[in-house]
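K.L.:
Below, each chain spelled out in residue letters.
Protein chains: 2
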Amino acid sequence: MTDIATRVYNHDWKIDPIVRSVLDTDFYKLLMGQTIFRRHPGTRVTFGIHNRTSSIRLADIIDIGALREQLDHVRSLSLTRGESTWLRGNMFYGKRQMFSPDYVAWLEGFRFPAYHLEKWDGQYELVFEGPWVETTMWEIPALAIINELRSRAVLKGMGKFELQILYARAMTRVWEKVEFLKTLAPIKIADFGTRRRHGFLWQDWCVQALIEGLGEGFLGTSNCLIAMRREVEATGTNAHELPMVYAALARSDAELAWSPYQVLADWQEDYEGNLRVILPDTFGTAGFLAHAPDWVAQWTGIRIDSKEPVAGGEEAIAWWRARGQDPREKLAIFSDALDVEEVARIHRAFNGRIRMGFGWGTLLTNDFRGLVPNGALDPISIVCKVISANGHAAVKLSDNPTKAMGPPAEIARYKRIFEVGAQEARPALV
Amino acid sequence: MTDIATRVYNHDWKIDPIVRSVLDTDFYKLLMGQTIFRRHPGTRVTFGIHNRTSSIRLADIIDIGALREQLDHVRSLSLTRGESTWLRGNMFYGKRQMFSPDYVAWLEGFRFPAYHLEKWDGQYELVFEGPWVETTMWEIPALAIINELRSRAVLKGMGKFELQILYARAMTRVWEKVEFLKTLAPIKIADFGTRRRHGFLWQDWCVQALIEGLGEGFLGTSNCLIAMRREVEATGTNAHELPMVYAALARSDAELAWSPYQVLADWQEDYEGNLRVILPDTFGTAGFLAHAPDWVAQWTGIRIDSKEPVAGGEEAIAWWRARGQDPREKLAIFSDALDVEEVARIHRAFNGRIRMGFGWGTLLTNDFRGLVPNGALDPISIVCKVISANGHAAVKLSDNPTKAMGPPAEIARYKRIFEVGAQEARPALV
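If you read the sequences in order, they're chains S and P.
Per our numbering, numbering of the first sequence is gapless, rising by one per residue and ending at 474.
Per our numbering, numbering of the second sequence is gapless, rising by one per residue and ending at 474.
Next comes chain S alone, as it looks inside the complex:
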């Protein structure tokens, strides 16, 4: 076992790289990457970092030089031989050769594209412009770097034993959560915590704790590098960026209305089985489900993200029933701001009614709440989202207006076209 406290104590070496591998990213980036590589090689997409927890002035906490060093280090990375072998030879979601030789070959030659970094009003403006298939790769490392640099800034002044006790307390907390989750067995949980993790070593420790603690109840990790090293499943499907870009590229209101289904039409040509999981909330779940073609209801499952999860699950069950599907054969993936009490509540609500999977993210890999003064290690809600595609502004509505993004006029247009009515605002904690 790595002694995390010692390593953290040594963090102010010249540079202790945060992201050391192209595969230190979420699996869904590779799945989406392959679809983008095949279908949208010429599309240019701009991504940008947005810190929704604006009270935390990241530019005052994180040194811009250190941030540049870490981002520059990512630009020096390339896929290693062993990593490439793993992508080509490993079985993902029960299938061999998930990634085509031409996509892996492209990935072998891939280098992270340039970034634009500025300070503005206490926050960092960090923007990635270029071919979609390249810029999409920045989402996870950029977020992981910012989150870990923030952790390091807080940890820097602490003594060796203070650090060791900090990690002792955090480990005990994770383990007590794992012991609680065991009482809910059978339950299926995956680590979705790469982007907002406290640090790489910490995420790796959390995954190992889940392996030992949950046994069969552990589905895997979204982190490709950790999945490879720990020999567990790499998990994940797709994200809002697909419908957001498809929508931004639509040339008419009719194309815009169809765009979220076009995403699925493309996706099901590329992937099958448990990878056919709808993410319905990009422009409002209700309208998405109401207007969906019947073949969408035949997909394996649904991801409940921005909607209150029990309401979201009930909505999905009602919809499947209305479309002649048996909900007990369907899979619902819950993944929004989960912690164990919330997992237990959702599990109680749907146990025996649908198949469930839980994507446990920030509050698995970054629950240092209250462990240092002033909550300086409490996680923040930071995202890396599509801003525009081929020059057209991108929009996300979601089921929670707190999470909406895009120019106001475009948001209004999208709300009209996707028939989004009143929405319930919920705070975006993490």
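Careful, some of the hints might be misleading.
Which copy is meant is left open, because identical chains are indistinguishable; a pair holds if it fits in one copy or across any two.
Unchecked claim - In silico lysine-lysine, DSS-like type, Cα no more than 25 angstroms apart, as pairs:
1) K232 - K163
2) K232 - K204
3) K459 - K163
4) K204 - K459
5) K200 - K232
6) K163 - K226
7) K226 - K204
It is worth saying that the hints were derived from the structure and are not from the lab.
No experiment lies behind these values; they were computed from the predicted model shown.
Position chain P against the provided structure of chain S, taking the given hints into account.
P.N.:
Below, chain P alone, put in the same frame as chain S:
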């Protein structure tokens, strides 16, 4: 920092030696050893292990083969060159050349003498017979081995992460105690926990936590090896074995009555300053103080051991006053079954009235109470005491009849000669 959980996980290697150095012992054994070497080279003393926590059947928990292996390993040890250099060159209690060249030369040639080991009624009978200067050296390693083998037996079935969380919780507990002690500053605390430690690595960790956490408030450790490696003070003075042996060798009632003072008369020829600390309770504190010659009252301090500590401190203050001494210049060392609440209580009682030092033992280096089911790691009260000297039975009365030892007829004789009246029994927890 060593990753203790990993090391413990590897404990069932062929042999993972518990005691790896002649200096992995308490400093007072060397101080007493030098006095014995000079004055009693021909005296033969038998020591024996006694587990006062008889409900814990050590012979059922600890494998006799493993115990023999560990004891045999100790017999293979000899002082290393660096250790010898440290004894010759280091400053102890403000003094250089505390140990004379002839004693260090003897120690360089020293090998641990034979032991006798048998099972009896669920306990181990472990006895050391031979020259006092040799057998005295077994006390600490024998106790440390038994305590650590018991810990290892309990830890053996645990998973890697269970172990890591166990240590995370134990570390957090120690650190919270240290943080509490800081609130009592200025306070002076030493580690006295070698004999009943959870394990060597754990004691070493605890000492480092005290170094970082207490700063100037940390007096040092009784463990010579850790003092040498961590470059802190080695602490300790003398123990009950000196008056017990001197008393057992007395050839008349008058010699017996004088024997505890003869110990001090010899001691003050060998040691000065803060090493002149009376241990008055071997045959009852009240009688000892009442009959003590005036030069005893001129000593630097007193160790309060088996008596209720506030009562013991008040008794010492009254005695010093009666002998024309200023208690504010005197030192009281408290060392019996201390934990932080007890330290705070004693500190409140005597702050500003006497100088105080605290020898924190078992509940520093072995507080795993309640951390595994059935309290299987709760510390036990186990001692290694003088049984006889030159064939005469040894006796200890102390201020707590629970701790008395020796043949009943001899106990009665000692009580008469040392004028011991009614005593208050207190449970011997650790």
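K.L.:
Run the structure past the numbered hints and jot down the numbers of the failing ones, going up.
P.N.:
1, 3, 4, 5 and 6
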